[in-house]
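Participant: Sequence:
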Amino acid sequence: MTAGLSVGLFVPVVDEIAQNWGNLRNLWYSVRYRNRSIRVSTSYLFKIYIDGKYLLIRGSRYRNQFQPVGGVHKVSPQGNATLSAMGVTDDDLIPLDSVSYRDLRVRVPGKKIFQFFQWFDSRQGREDSPWREFQEELLATDILPQADFPHIMHNYLRREVDSVRYSEWAEALEILVADVYELVPNQKQEDALRQLAASGHPDIVWVSSQQIKRRGAVTGQPQTIEISAHSRRIL
6 MTAGLSVGLF
16 VPVVDEIAQN
26 WGNLRNLWYS
36 VRYRNRSIRV
46 STSYLFKIYI
56 DGKYLLIRGS
66 RYRNQFQPVG
76 GVHKVSPQGN
86 ATLSAMGVTD
96 DDLIPLDSVS
106 YRDLRVRVPG
116 KKIFQFFQWF
126 DSRQGREDSP
136 WREFQEELLA
146 TDILPQADFP
156 HIMHNYLRRE
166 VDSVRYSEWA
176 EALEILVADV
186 YELVPNQKQE
196 DALRQLAASG
206 HPDIVWVSSQ
216 QIKRRGAVTG
226 QPQTIEISAH
236 SRRIL
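Note that the numbering used here gives residue 116 to position 111 of the sequence shown, counting from 1, and the numbers run on in steps of one.
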């Protein structure tokens, strides 16, 4: 009877911890790294999957690399004010230009990590739709016909938050965040995607899950494309 009571009390505790794991982790980071600065980069990615293949697009900054449609979240002026009050500063690794302006790629005081993610989860003062990058990368470039995509349906799949780690590239502690969406095309849009697949467009590739896992390599064949490491997130 005592054992049964213990299990009965233990299970709700474990459930509560599991449901709030992200908050507990961020709270721990705020204590452990309170005197450090942490680079945080948040983005959203599109899983576009037709006939057993995934659509990847040529990178705008790294032209020899293919990756999922998507990009870094943008912050509104109101969001900037909130972040400034936390002591959050712009990241200096990517040059600030018309493309990267207001990107949510920042340096957060370690003691503010919990507060930062509370703000991020509130969705206030930041981009909360994947439409912009879809429009900029596939429609404004005429890769897909705008007439067939006046709007899109998508499913939100999940959020992936990497554990804090030291990045040699950034020379800083770093947390990467990615929201993954799945395009749900209607029949006309499916037809347009199939036409794109048949067109051989130089800025688009359609690849298997195995190619994504192997960064573009195909067994027994010379490697002709390079696929970004973060493309795995859409699988």
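Among these hints, one or two may not hold up.
[To be verified] Below 20 Å or equal to it, Euclidean Cα-Cα: the simulated DMTMM-like pairs (lysine to aspartate or glutamate) are:
1) K52 <-> E173
2) K79 <-> D196
3) K58 <-> D196
[As the list claims (entries may be wrong)] Computed spacing ranges between beta-carbons, pair by pair:
4) Q215 <-> R39: 16 to 24 Å
5) D167 <-> K79: 44 to 52 Å
6) S127 <-> Q200: 23 to 31 Å
7) R41 <-> N191: 45 to 53 Å
8) W136 <-> S89: 43 to 51 Å
9) R41 <-> Q215: 35 to 43 Å
10) N40 <-> M158: 39 to 47 Å
11) N85 <-> S213: 35 to 43 Å
Hint data in this document are derived by calculation from the structure and do not stem from the laboratory. For each residue, glycine too, the CB sits at the ideal point set by N, CA and C.
Participant: All hints, please: hold or fail.
Facilitator: Evaluation of the provided hints:
1. K52 <-> E173: violated, 29 Å
2. K79 <-> D196: violated, 31 Å
3. K58 <-> D196: Given pair K58, D196 holds - Cα atoms ~14 Å apart, limit 20 Å.
4. Q215 <-> R39: 16 to 24 Å: violated, 43 Å
5. D167 <-> K79: 44 to 52 Å: violated, 21 Å
6. S127 <-> Q200: 23 to 31 Å: Between S127 and Q200, where Cβ atoms are some 41 Å apart, the hint is violated.
7. R41 <-> N191: 45 to 53 Å: holds, 48 Å
8. W136 <-> S89: 43 to 51 Å: violated, 27 Å
9. R41 <-> Q215: 35 to 43 Å: Cβ of R41 to Cβ of Q215: about 39 Å, so the range 35 to 43 Å holds.
10. N40 <-> M158: 39 to 47 Å: holds, 46 Å
11. N85 <-> S213: 35 to 43 Å: holds, 41 Å
Checked against the numbered hints above, the structure violates hints 1, 2, 4, 5, 6, 8; every other hint is satisfied.
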